[in-house]
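S.K.: Each chain, written out:
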Amino acid sequence: MTSAIATGRPVRPGAARPPVLEVSDLRAYYQTRYFGIEREVRAVDDVSLRVAPNEIYGLAGESSCGKTTLIKAIAGVIRPPLNIVGGTVRFRFEGATLSVYESDPGALAAIRWRHLSYIMQASMGVLNPVRRVRSSFIDFAYRHIARPMPAFWEIVVGHLERLHLQPEVLDAYPHELSGGMRQRVTIALATVCRPEFIIADEPTTALDVVVQKGVLAMIREVQRELGSSLLFVTHDLAVHANLTDRLGIMYAGRLVEEGPTADVFREPQHPYTRHLIASLPRIGDTAPKKGLGGAPPNLADPPPGCRFHPRCPLAMAVCREQNPPLVAIGPDRRVACFAVTPETAS
Amino acid sequence: MSSYGAYVGKRLAQFVLVIFIGINIAFFVTHLTPIDPIEESISVATSFGSTSPEAIEMLRQSLRELYGLEGTLWDQYLTFWQRVLVADFGPSLSAFPAPVSTLIWNALPWTVGLLLVATLIAWVLGNLLGGLAGYYRDSRLLRLAGVITMGFHPIPYYIVAFVLLIVFGYLWPILPITGGYRMNTARGLNLEFILSVLQHAILPALSLVLVGIGGWFMGMRALVSNIVTEDYVTYAEYGGVDRNRILTSYVMRNALAPQVTGLAMSLGAIFNGAIITEQVFGYPGIGKLLIDAVHAGDYSLVLGVTTVSIVAVSVAVLLIDLLYPLIDPRVTVT
Amino acid sequence: MLTILRDLLRYNREFAAGTALMAFVLIISCLSFLSPYSPQDIYLVPPDVPPSWAYPLGTTSRGQDTFWILTFAIRNTLLFGFTVAIISRILSLIIGLLSGYLGGAVDRVLMSINDTFIVIPLFPILVLFYFVMRDSMTWALLALVMACLGWAYDARLIRSITMSLRTREFTESGIFSGMTTRQIVTQEHLPYVLPIMFSTTMNNMNWSIGLEVTLSVLGFTNINTPTIGVMIYWANQHTALVAGIWWWIFFPVALVVITFIGLFLLAVSMNEYIDPRSRLSRMGGAPS
Chain H
1079 MTSAIATGRP VRPGAARPPV LEVSDLRAYY QTRYFGIERE VRAVDDVSLR VAPNEIYGLA
1139 GESSCGKTTL IKAIAGVIRP PLNIVGGTVR FRFEGATLSV YESDPGALAA IRWRHLSYIM
1199 QASMGVLNPV RRVRSSFIDF AYRHIARPMP AFWEIVVGHL ERLHLQPEVL DAYPHELSGG
1259 MRQRVTIALA TVCRPEFIIA DEPTTALDVV VQKGVLAMIR EVQRELGSSL LFVTHDLAVH
1319 ANLTDRLGIM YAGRLVEEGP TADVFREPQH PYTRHLIASL PRIGDTAPKK GLGGAPPNLA
1379 DPPPGCRFHP RCPLAMAVCR EQNPPLVAIG PDRRVACFAV TPETAS
Chain L
3 MSSYGAYVGK RLAQFVLVIF IGINIAFFVT HLTPIDPIEE SISVATSFGS TSPEAIEMLR
63 QSLRELYGLE GTLWDQYLTF WQRVLVADFG PSLSAFPAPV STLIWNALPW TVGLLLVATL
123 IAWVLGNLLG GLAGYYRDSR LLRLAGVITM GFHPIPYYIV AFVLLIVFGY LWPILPITGG
183 YRMNTARGLN LEFILSVLQH AILPALSLVL VGIGGWFMGM RALVSNIVTE DYVTYAEYGG
243 VDRNRILTSY VMRNALAPQV TGLAMSLGAI FNGAIITEQV FGYPGIGKLL IDAVHAGDYS
303 LVLGVTTVSI VAVSVAVLLI DLLYPLIDPR VTVT
Chain F
9 MLTILRDLLR YNREFAAGTA LMAFVLIISC LSFLSPYSPQ DIYLVPPDVP PSWAYPLGTT
69 SRGQDTFWIL TFAIRNTLLF GFTVAIISRI LSLIIGLLSG YLGGAVDRVL MSINDTFIVI
129 PLFPILVLFY FVMRDSMTWA LLALVMACLG WAYDARLIRS ITMSLRTREF TESGIFSGMT
189 TRQIVTQEHL PYVLPIMFST TMNNMNWSIG LEVTLSVLGF TNINTPTIGV MIYWANQHTA
249 LVAGIWWWIF FPVALVVITF IGLFLLAVSM NEYIDPRSRL SRMGGAPS
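Residue numbers (this note's numbering), protein chains in the order written: chain H, 1079 to 1424; chain L, 3 to 336; chain F, 9 to 296.
If we strip away everything but chain H, and leave its shape as in the complex, we get:
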């Protein structure tokens, strides 16, 4: 059986240092009150994770599992009706710690783009449609590269050329570039200040496979050159297998499994992960795939206990009552399942 999984990824230098990102017990809910009806959608419920320097952390899960909300919460771009109900998000840049929800907006604005940047999905309009690309570079990067204009442009052009982009893209309007080109320009924009932490939210979805490959290669190259950490979010497991060092699986607003990517692929512990891995196509395997019955739960009214239990083949009585905590089952391995860790049930 051959698979797309790489084995034995070398440990990157810096992986043992204190984490660049530390999320603790984060809770982010959408709270609405309209026509007399109050609703609370628990999009991110009690999530904790760590990302080390120079590490690519992948976040996987199906649509509406809360990945995008988690990203917004980590980046601190929250707007009502989305509210942070509990927990902390801490970054560590150049020896100093910054807690996103306990700092003033000025401190937060200072780290944006210089230390923390963001690559969004390759949608039509991530760049200002009525301005040329060069003005986006000025808006996002100029205040961090405190040099006179000619020197600034030299740096930008040099950066573009290193990423195999023509300097002419600077003079184009966003709608004049193709989707793949726009995404590459966005990646260049996100990395021009050499940030320590980059969040990438489905950067290759909505691109065709050939372009996808080029964009992934670009991301890999940039990460290698800058030594930044990457939080890479996508539902596409094949991309995770190709790119990430560690992998976290999200389901219904909770983190259900986490570990080195190769380990998670080789030995998935959580029933949900097992199903995801089993459904991946393998060359030479002609057995029919079975879908998982049911649908992801309604996060406004989630099932009691473990949120996966209505669809879980291993569901037990305790799963209907208590929520399994995310516990360590190895040096860098966590699972939230009573079937794997029955001793955690009280």
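None of these hints come from the bench; they were simulated from the model.
Quantities reported herein were computed from a predicted structural model and do not represent experimental measurements.
You may find that some hints are simply not true.
Partial pick of chain L residues on the chain F-facing surface, computed with a CB cut under 10 angstroms [unchecked claim]:
no.: 1; residue: Thr-32
no.: 2; residue: His-33
no.: 3; residue: Phe-170
no.: 4; residue: Gly-171
no.: 5; residue: Trp-174
no.: 6; residue: Leu-177
no.: 7; residue: Ala-271
no.: 8; residue: Leu-305
Built from N, CA and C at the ideal position, the CB exists for glycine as well.
Using the hints, position chains L and F against chain H.
M.R.: Showing chains L and F alone in chain H's frame:
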């Protein structure tokens, strides 16, 4: 740049269509009704004294020729279009023998000036306030501004002008309520004249602005509320771009394009409002000219003003359309 | 649709206010059926009497009771506005639906014509119309002409709704599941279209009543039928303001302004309900 050429071509074609349909409507309204404008004019002209039957018959004949009502309907149609294309509407009955074109030419600058100033103020102010209101949703000051501007908006121009007339004409007479400038002031580029013009324009412009501003406010606020959720605004927030810069360069700038389109579409309605307001304040523009012409039974003047109105508004719309690609660079690609 | 109205009434302040205002106006207009005087008669009561117990809103210089004339005036004005709105709804529906469903060349031609009517200034044309019709101008004719000129703005709106409904997923799934066209239109499309028809009707009424008042004040309509505009016209003819008969002007103006604001509030609140994003922003966050 040939795509811009194609765009210009389309806009020009629309422009020609508007004028064609509009002026045809004017023709059919006047020529296909059972009422004979000649008899109308005669009845008004002879209402001040007795006139001999021969004189009336001569008048009838002259009017028939003047109004281009000789011959079959098709002949009349051709005559009509011939005259429109050279802007010859004949002499005005109420100000005989002054040609209609001269009267319109004298009155048009007043209307254009009033319209330009009032529309610009309403559009700029309305968009500014509306944009801020859409961005800073919690500001009580902006919400109050919204209530005030939107309170005036549904009220027709006539009523607002009328109320202003009452307030500043009778209750608190500090502003002039008739005329375009003070009588006996020498016209020309001297300070006294200019000040007088400005002073007389305040009330008409104010009523136009009060009614108009609410529409722009509402539209801009809605636009901005939507744009704020767009990807490029969210991205700029992730990027820590300065909030003022986001407001101007990302939000307002993108909301501008639809508002410019909206301006082109509303010019007809604003023009309506302007000529009504002129009537209330006796402002010497083509609105006053039109109403007075109706009361005087001056057929050629009424027709002339209607035709010129249609052409003027169409030209203004065309100009705005041609400037639009400067604001939205995406339009030439389609 | 009824549940929408009920919910809006309960939770949307603007809608409730608009309904209250319009209810007030409608009640006054219905009182016209109880009037002891005929609207066409003049010099029935002592003229120029200020508001008092006997005549709560005073009397006019033409010897009419302001209050009872006002009831007729607002009734006729509302009727006129409503008639224009109905006729122009039909026109804009037909054109909007044709354009939206057929698309292609039909759409382009119809929209070019549509935009023509948006751009052309309508007031001079209406004035021209009055000029040639003079005394033969009836209310029905005026309503018809205004409806034929005023459909353009809403036709465009309906066209874009139609286009988006045509391609929406639930339409296609409806077709695939074997629903007839009539079923699709009534069960799937109507819930979207009805609120929009409601708000455009309110807007159109504002427009047509505004135009009626303006034309009547200038004396360009049939001045023997009492409407709000005609009332103000006669007040001006008798130089009511200069003579100090302020109640002849104040009450019709006040009542019609209430009408405008009421219709406007209804239209705006319905619009806000339709647009899901404005609904979202209304939903604020609960304090955490």
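S.K.: Run every hint past the structure and note whether it holds.
M.R.: Comparing the hints with the structure gives:
no. : hint    : result
1   : Thr-32  : holds (5 angstroms)
2   : His-33  : holds (9 angstroms)
3   : Phe-170 : violated (13 angstroms)
4   : Gly-171 : holds (9 angstroms)
5   : Trp-174 : violated (14 angstroms)
6   : Leu-177 : violated (17 angstroms)
7   : Ala-271 : holds (8 angstroms)
8   : Leu-305 : holds (7 angstroms)
Of the hints listed earlier, those the structure fails to meet are numbers 3, 5 and 6, in rising order.
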